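Participant: With the hints as extra help, turn the sequences into a complete structure.
Protein chains in written order, with this note's numbering: chain X, 204 to 387; chain G, 4 to 109; chain H, 24 to 659; chain V, 2 to 503; chain P, 9 to 515.
Since the hints were made in silico from the structure, they are not lab data.
It is possible that some hints are incorrect.
Stated by the list, open to error - Below, simulated SDA-like cross-link-like pairs (lysine to any residue); rule was C-alpha separation at most 25 angstroms, straight line:
#1 V/Lys388 <-> P/Val28
#2 G/Lys108 <-> V/Arg164
#3 P/Lys481 <-> H/Gly633
What the hints assert, rightly or not - Here are the in silico distance ranges between beta carbons for each label pair:
#4 V/Lys388 <-> X/Arg282: 51 to 57 angstroms
#5 X/Arg282 <-> H/Arg621: 39 to 45 angstroms
#6 P/Arg505 <-> H/Val589: 57 to 63 angstroms
#7 P/Asn214 <-> H/Arg621: 43 to 49 angstroms
#8 V/Lys388 <-> P/His367: 54 to 60 angstroms
#9 X/Arg282 <-> V/Pro458: 45 to 51 angstroms
#10 H/Val589 <-> P/Ile207: 53 to 59 angstroms
#11 V/Lys388 <-> G/Arg96: 54 to 60 angstroms
#12 H/Gly611 <-> G/Arg95: 46 to 52 angstroms
#13 V/Gly72 <-> X/Phe207: 57 to 63 angstroms
A quick note: this is a predicted structure, and the numbers were derived from the prediction, not measured.
For glycine and all other residues, C-beta sits at the position ideal for the given N, C-alpha and C.
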Amino acid sequence: MELFVFVCAAVMVIVGALGVVVRGNPVHAALSLVLTLFGIAVLFVAQHAEFLAAVQVIVYAGAIVVLFLFVVMLLGVDRAEDLRTDSLAGQRPLAVVVGLGLLGVLVAAIVSGTDAVITRGTGVNGATTDSPDSNIVQLARSVFADYVVAFEVTSVLLVVAVVGTVLLSRRRAADVRPEGSRPS
Amino acid sequence: MIALVVQPTPMWYLLLSAVLFVIGTVGVLVRRNPLVMFMCIELMLNAVNLTFVTLGRQLNDISGQTIVFFVLVVAAAEVVVGLAIIVAIMRRRTGVNADDLAELKG
Amino acid sequence: MANLLWLAPAFPLLGAVIMLLLGRRLGDPRSGWLATLMPTASFIVIVGVFADLLSRPASERQHVVNLFAWIPVGSLQVDMAILADPLSITMALFVTGIGSLIHLYAIGYMHGDPKFSKFFLYLNLFIFSMLMLVLGENLLVTFLGWEGVGACSYLLISFWHTRNSAAVAGKKAFVTNRVGDFGVMIAMFLAFSALGSLSYSSINEAAHGGTLAPVTATAFALLLFLGACGKSAQLPLYFWLPDAMEGPTPVSALIHAATMVTAGVFLMIRIAPVLAMSYHWASTIIAFVGGLTALCAASVAVTQNDIKKVLAYSTVSQLGYMFMAIGSGAYVAAIFLMITHAFFKALLFLGSGSVIHGMNHEQDMRRMGKLRLVMPITAGTFIIGWLTIAGVPPFSGFWSKDEILLYVYANNRGLYAIGLFTALLTAYYMTRQVIMVFFGEAHWNDHSNEHGAHGDFIPHESPRIMLIPLVVLAGLSALGGALQLPFNTDLHFLGRWLAPVLEESEAMHFGTQEYQNRYLLLGIAGVVALVGIGIAVAVYAKRVIKPIEPRLLEQAWYYDAAVSRVVSGPGATAFNSISWVDTHIVDGAVNGVATLVRNSAGVTRKAQSGFVRTYAAVIGLGAVLLIAWFAWRSIA
Amino acid sequence: MNSEPIPFVGPSIQWFEISPMLALLAGALLLLLGGALTPQWPRGWYAAVSCVTAGTAGVLSFFLWGDVVNGQPTTLVGGAIAFDRFALFSTITICGSLVLVSLITNDHLHREGQDAPEVYGLYLIAAIGGIIMVSANDLVVLFLGLETLSLSLYVLAASNRRRGESEEAGLKYFILGGFSSAFFLYGVALVFGSVGTTNLGRIAEVLANEQTIPGNDALLLVGIALLLVGFAFKVALVPFQMWTPDVYQGAPTPVTAYLASIGKVAALAALIRVFVVAFPSRMDDWRPAITVLAVLTLLIGSVLAVVQTNVKRMLAYSSISHAGFMLVGLEAASHRDSLELNTGVSASLTYLMLYSIIVIGTFGVVSLVAGVGDSATSLDDMRGLSKRRPVLALGLTVLLLAQAGVPLTSGFVAKFGVIQSAVNSGSYVLALVAMVSAVIAAFLYLRIMVSMWLSAPANESPLKIPIASGLAIAFAVVVTLVVGFVPGRLLDAVRDLGQFVS
Amino acid sequence: MIAFPILTMLVVLPALGALVVSLISHSRLEWVKLAALVTSVATGAMSVWMLVKFPSGSAGFEFVSKHSWISQWGISWHLGVDGISLFLVVLTGVLFPLVIAGIDVHHDQKPYLAWLLLLEAGVMGSFLSLDLFLFFVFFEIVLVPMYFLIGGWGYERRVYAATKFFLYTMAGSAFMLVGIIATAVLARRDIGELTFNVIDIAEKANFSTTTGRWLFVAFAIAFAVKVPLFPLHTWLPDAHTEAPTGGSVILAAVLLKMGTYGLLRFGIYLFPEASVWARPVMYTLAVIGILYGAIAATMQRDLKRLVAYSSIAHLGFIVLGVFALTHQSISGGVIQMVNHGVSTGALFLLVGMIYERRHTRQIDELRGLQHVAPIFAGFFMVVMLSSIGLPGLNGFVGEFLILIGSFDTARWWVVVATTGVILAALYLLWAYQRVFHGEPDEANSSFREVSMREGLLLSVFVAIIVFTGIYPKPILDRIEPSVKALLEHVEQRTTYRQPQVIGEATK
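Facilitator: Next up, the structure:
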């Protein structure tokens with residue numbers, strides 16, 4: 204059963220990812236991204252990370268991709284980019300080399316190393332599967348106990364996002380304002 | 004049938020995420036549209052997320068998922084900032100792609 | 024009295040200092056007189072010391088005056104010390120004596136020269152250096168004087184430096200001498216490393232005592248001989264001396280005839296014991312070098328037309344004679360000739376100077392002739408000098424030359440032949456000169472328009488102040504033979520006087536078969552001289568024989584030319600190539616590194632293309648490599 | 002829900018120990034809210050607030066320093082944050098640099114007429130991120146701190162909207178930064194997977210307690226590699242340095258100063274901590290990598306610097322080769338010997354501190370010369386500075402000589418320490434390479450000096466030094482010289498920086 | 009050790025002077041000059057006073073002043089002077105006032121003087137410091153003022169020359185820094201604590217053969233650049249030629265000596281075994297330098313360049329003497345350092361004067377100067393003869409001692425080196441002939457005779473030249489004991505023994 208789920212999800216993920224890379228039109232790319240994200244979400248569920256799956260769908264598919272699309276529309280850059288050739292000489296071969304190399308080493312490492320994970324992994328924290336609490340409760344405990352600092356930092360992170368956007372999207376008038384005079 | 008006997012081991016998930024990661028990497032290298040490059044980065048992040056969840060499950064450790072939770076936030080924040088920057092540039096010169104931004108070099 | 028020896032060099036030095044400070048203020052004749060006073064004073068001092076030494080028994084005729092420690096480092100203790108012994112005093116005597124005369128002469132000769140006082144400054148400095156040379160108690164003090172006289176001769180040769188030839192000649196003299204000095208310096212190092220001392224006493228004692236290995240002794244002697252070749256203008260380093268005639272004539276007389284050039288001879292005699300210690304072939308080499316030099320120089324003198332050039336070459340050949348003597352162990356004889364030569368050669372030079380002076384600085388003998396009428400005294404004295412050098416009895420030259428020939432005969436017949444032939448040539452070319460200058464018909468006005476004197480120009484006799492030295496020197500050269508007459512040993516005044524220094528090293532010949540038939544040799548020598556004169560007369564006066572003056576000889580066997588060809592040809596090329604290497608290869612490498620850095624930077628920065636995707640690619644590549652390394656580590 | 006929920010007990014939070022961050026946060030919020038709600042403040046107030054905040058944080062960390070020196074290093078908030086000399090020293094460095102940067106920023110923003118609270122707010126927040134990085138005892142926290150810092154810097158780099166370069170720099174920095182942090186995150190994931198925890202101390206324990214079976218380490222080591230990639234990017238180690246020149250040149254000059262000082266401090270300190278604390282058992286694996294990176298960084302950094310014509314770019318490259326020097330210290334620390342570890346870590350961190358001060362001063366001068374529009378940054382624009390404003394030229398000369406490592410400047414003290422640690426642990430070759438690259442780099446400082454002193458002025462207009470920048474530069478110069486002459490105090494302080502909590 | 013920290017003052021005073029000078033306002037240039045003069049003269053006076061007070065016959069370090077500086081690294085402000093450094097210090101102290109008083113620059117006098125004083129402080133420091141770190145500090149610091157002196161007040165290619173000088177020397181000292189640190193670190197095992205104290209290291213530390221040699225090499229490279237030793241010499245002609253007169257004088261007179269001094273003080277003293285081992289190489293390089301420098305000098309068209317190359321030759325002699333490791337040779341080397349400083353310094357001074365008057369240094373543009381300026385020519389002649397090594401002048405004493413001392417340990421090298429004496433005469437006399445002899449053309453006929461000030465300045469040099477040549481004993485007496493001690497130090501630690509003169513008995 205899980206096999207079936209995995210295969211379907213994997214297909215979704217890969218297809219979507221490839222779509223992002225090869226679809227010339229940003230809008231299409233964004234949509235294929237959604238596909239991947241769904242696939243990931245499915246895989247989360249398959250691994251008992253229901254809450255994450257939900258968040259994945261809401262945050263990513265719901266918010267982020269929409270944001271992407273919004274920008275695409277806003278800026279009107281939905282012209283398809285010509286992917287048959289690459290203006291940078293040698294970029295494609297380089298990309299291939301990097302891709303294959305990376306794939307090679309990662310696969311090699313994973314294949315030779317996963318068992319070690321099993322030998323090592325003796326549930327450091329509370330168990331995932333055979334725990335009385337539901338996934339979300341465990342998550343909450345973890346977030347607010349072990350990772351409370353991280354959690355706080357994320358809040359700072361969001362502040363950065365907000366402030367940054369504000370700073371960057373200032374009226375351009377501000378830039379031509381002569382020195383000394385007060386901003387609008 | 005086979006589907007019932009063969010269980011996907013964690014390694015499968017890990018390999019899948021590795022592949023996803025590589026696709027994302029290649030995407031960054033080959034795409035010219037900053038937005039799409041950015042999407043590819045998101046792909047990479049998702050690959051990592053998948054890895055986290057898988058390993059967390061493998062280790063009977065919830066923190067795998069917790070970390071993913073944070074990564075989501077990071078991704079969101081990154082998107083906001085990134086899009087802000089891109090918008091700022093695109094406003095100035097519409098339809099610019101990554102290769103057009105090469106004034107600084109040497 | 025001997026303790027006051029230090030005054031001898033002190034006076035000229037003082038004179039030099041005075042000249043330096045207020046020479047100009049003293050002005051034309053006065054500074055000259057002052058300068059003349061100084062060597063005279065030292066002459067008196069030397070005479071005093073001489074008397075002092077005479078008054079002592081022969082064995083104690085040696086006195087060291089230690090002025091101060093000069094270069095004392097560890098085992099090397101060199102003192103600024105001067106030594107009074109028969110040899111040094113003999114040298115000092117004629118150096119100061121003739122020196123004074125020439126100073127006197129120069130007052131007249133240099134009269135009116137803008138740099139009058141500077142000239143005498145140099146002369147005094149020279150006398151000082153020369154005295155240090157001969158009086159030095161150790162090699163280093165001698166070397167001090169040795170280099171000092173070199174420098175002075177450089178200054179004096181290029182005294183009229185606005186003449187390019189003079190400037191070049193001066194430089195040539197100095198550099199050539201330096202080649203010799205190389206030998207002297209190495210010799211000093213050798214002496215120190217072998218004996219730990221540079222003082223003549225310890226060196227010669229070691230030679231006597233046999234603590235000096237023959238091989239060391241030989242090396243030492245030959246190295247010093249190299250130095251001597253430089254100073255005393257022997258082959259292969261003789262070629263600077265003829266050019267040195269660019270200097271004012273008094274200089275030629277004093278430095279390049281009477282004193283400095285004999286320094287080499289003196290040095291060899293100084294270390295005579297070492298020479299005696301060394302292998303026999305060393306002496307042979309010296310003798311033959313001397314002989315060949317004598318011959319070549321004489322042969323060249325035959326064809327020269329410059330009145331001073333003739334004398335210069337004759338000087339070289341006479342010096343050759345002296346070395347021939349040294350090589351044959353005839354040290355006393357060498358000194359004998361040195362002294363007489365000092366007399367007559369100074370006389371001849373001063374005479375020629377007087378002629379030149381009278382002819383308004385004309386030096387070409389072909390434009391002279393018949394001068395005996397206008398300048399009788401000069402002519403008379405010059406003729407005496409001529410007879411002396413030609414070896415006509417009973418003038419001193421005859422005796423001195425004869426004694427050398429005696430030893431040479433005993434030593435090596437071939438050399439004897441060379442010596443005789445040289446004597447013949449000497450007589451010949453000197454006669455030629457006398458005839459061309461003082462006899463025959465006058466060519467004073469032949470194309471004399473070239474230089475100031477136009478119309479019918481009459482040469483004039485020189486002022487008295489120049490003639491006095493001539494007369495004195497004429498007397499000395501005539502009678503100088505009395506120092507050492509061969510007839511019996513009682514007449515060997517010089518020999519006996521020098522005995523304390525030299526008797527061990529002298530090659531004694533009394534009683535030998537050669538000594539027996541010395542009168543025969545005397546006869547031969549005299550005859551040869553007369554023959555030479557006869558031929559010359561026949562050629563130049565009577566014109567019965569056509570003169571033979573081959574170009575080869577006129578150009579001095581092309582030796583000088585060859586040397587300068589080599590120096591300016593391959594030598595210059597080699598030097599140039601080295602400095603090319605310096606700029607282009609050694610420094611080129613340095614700048615090359617800089618360029619390398621720049622270029623490699625230029626290449627590397629190409630990667631910094633500004634395209635963000637390239638950057639990403641490079642990052643990816645780097646990542647792959649890093650991961651690969653770590654992955655490999657994990658497997659290995 | 003089949004059973005009673007287990008009662009929740011959160012970790013105890015040591016408020017005083019984390020007060021520096023809190024102070025910065027407070028300052029940031031004050032600026033942002035205040036700035037947003039009130040009309041434009043008078044000139045210099047934003048900067049003042051930022052300086053005061055940073056200063057306060059610095060002072061607080063000074064107090065904490067005392068505690069650490071007297072007590073034992075501990076961890077805070079459930080082991081997430083380390084509380085040791087290393088962390089505090091870096092914190093102090095960051096706060097100090099922040100003060101200086103704020104000072105030069107003030108004048109810059111006024112020249113540009115862009116004075117805004119957000120900039121300072123981002124400065125402060127980024128600083129928080131930096132502090133978190135240097136004191137994080139947990140990879141996840143570290144990652145979040147890193148993101149906080151980076152995101153702020155992306156924005157700041159792009160913040161000068163008048164200059165296209167600024168935006169370009171921002172975008173390049175952002176894309177590459179995101180790219181590299183993905184690698185970093187993957188590394189975190191793999192390490193987490195293969196060790197079972199993200200807490201540095203625990204990682205060390207786990208790894209120390211089990212002997213390695215060949216092949217077993219694959220995930221771990223690849224994880225380390227990926228972490229290294231992420232760090233290398235932030236620290237700008239060759240070949241991950243390519244963004245540096247562009248961003249340094251494009252970003253507003255004060256921001257460049259920020260990048261070169263606080264950015265480097267945070268990233269490199271974090272790198273050192275992670276590798277020395279968490280992976281000492283794998284030293285033999287990562288030391289060679291560090292060595293190679295160091296050599297590449299040293300040489301390529303200084304070589305490329307030689308041919309530049311833009312001062313900011315030159316300094317960017319020189320900062321790269323300086324990073325190489327700091328790595329030499331890390332390499333020295335990676336030999337199994339507590340003493341060497343100590344000297345190495347101390348040397349690197351000292352270098353970081355002194356370099357940040359020098360570099361801020363340098364960029365302070367550069368930004369003054371750059372003038373309105375922040376554009377006059379080519380080498381020719383430096384010409385005749387000695388005529389236009391001798392004092393400034395002299396100050397810059399001191400700072401440049403310090404970067405070249407001339408004795409009696411702090412730069413020499415820094416280099417000396419690093420080289421000494423390298424020699425201590427017997428890596429002579431690396432020491433030599435470092436010195437050689439220093440010589441190559443010296444050429445570029447000479448070039449700047451030549452154009453300052455020995456060439457005719459490009460424009461004669463005398464340069465006026467605003468108070469704020471003047472203060473910052475003066476401070477930098479003074480510190481450079483004082484430390485150069487009497488480094489004793491500093492050296493006492495940094496003696497045991499290598500005593501990490503674990 | 010005396011109460012008054014004279015050595016510290018020697019270093020600090022010029023530095024203070026530099027500070028004062030740079031603080032005086034531009035409007036008061038004459039004050040600037042005055043201040044510079046006062047400080048330098050005071051320094052010079054102190055150095056001379058120290059010379060007077062220096063106990064002749066003492067082998068150890070005198071006037072030592074030692075204060076902990078960077079205790080964490082075992083570094084201390086440790087100054088001391090012995091026979092080897094004594095005269096270099098005095099030379100420095102005497103030379104700078106002369107240069108400041110005697111030579112004016114035409115623009116920016118204030119910074120010029122400031123840099124000059126700073127340079128003096130640096131040079132003093134490097135000759136006095138007995139702490140490796142301290143030495144390195146001064147050794148490096150010297151570069152900065154020199155760089156600005158060349159670059160700021162030099163001639164056409166000044167920037168190139170200055171940069172080359174700076175980088176070349178810095179490259180050398182890069183090795184030395186590593187060497188210094190390694191020395192201290194490795195010596196820690198023997199000494200027990202980390203210290204950069206030269207004496208402690210030299211006396212207590214015993215490095216393994218290989219280590220010692222490596223360290224020696226590290227030091228030697230730096231010093232070889234400074235000396236300069238073939239083939240690391242090419243910075244010197246450029247630097248000398250492009251530097252302003254004062255700069256060249258200082259450069260030739262004292263800066264180069266930092267190299268040979270370093271070889272002696274740090275090379276041989278710290279690593280006796282290695283220096284004994286390295287002798288053949290050093291001999292060879294030195295001899296090559298002698299001939300090569302002389303030959304290159306012969307071919308120069310630029311008078312200043314010629315002098316520069318002659319320096320290479322002369323320093324070759326010094327290195328030869330230093331490594332010949334005999335009593336005479338090393339003493340000769342030390343005294344030759346001073347002599348070369350005086351005579352070559354004077355030569356650069358004279359060449360500078362020629363340039364002042366004729367605005368060219370090209371030999372073939374100069375003719376017959378002796379005719380128009382006999383006194384000037386006279387000065388030149390004396391200095392030249394001293395440089396040629398005429399007995400009775402200072403140049404000879406050093407050369408002679410070096411050669412005679414080295415003859416036993418480096419016989420054939422000496423034989424070759426002695427030919428350098430011939431070449432010296434060749435290139436200098438040739439140049440002299442071309443420049444001073446002959447009939448002056450109209451460009452040269454207006455050549456100005458020496459002024460009063462120049463005359464005084466030059467007479468000082470000539471006086472030193474003559475005195476040292478005639479009566480070097482007082483100098484040698486002060487040098488000798490330290491050299492003796494050094495050689496004993498070497499003989500204690502190595503199998504090397506000084507050659508014993510056979511004929512000692514007969515003497």
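Participant: Each hint should be assessed against the structure and marked as holding or not.
Facilitator: Do the hints match the structure? See the list:
| no. | hint | verdict |
| --- | --- | --- |
| 1 | V/Lys388 <-> P/Val28 | 20 angstroms, holds |
| 2 | G/Lys108 <-> V/Arg164 | 16 angstroms, holds |
| 3 | P/Lys481 <-> H/Gly633 | 71 angstroms, violated |
| 4 | V/Lys388 <-> X/Arg282: 51 to 57 angstroms | 53 angstroms, holds |
| 5 | X/Arg282 <-> H/Arg621: 39 to 45 angstroms | 43 angstroms, holds |
| 6 | P/Arg505 <-> H/Val589: 57 to 63 angstroms | 44 angstroms, violated |
| 7 | P/Asn214 <-> H/Arg621: 43 to 49 angstroms | 45 angstroms, holds |
| 8 | V/Lys388 <-> P/His367: 54 to 60 angstroms | 26 angstroms, violated |
| 9 | X/Arg282 <-> V/Pro458: 45 to 51 angstroms | 49 angstroms, holds |
| 10 | H/Val589 <-> P/Ile207: 53 to 59 angstroms | 55 angstroms, holds |
| 11 | V/Lys388 <-> G/Arg96: 54 to 60 angstroms | 40 angstroms, violated |
| 12 | H/Gly611 <-> G/Arg95: 46 to 52 angstroms | 51 angstroms, holds |
| 13 | V/Gly72 <-> X/Phe207: 57 to 63 angstroms | 58 angstroms, holds |
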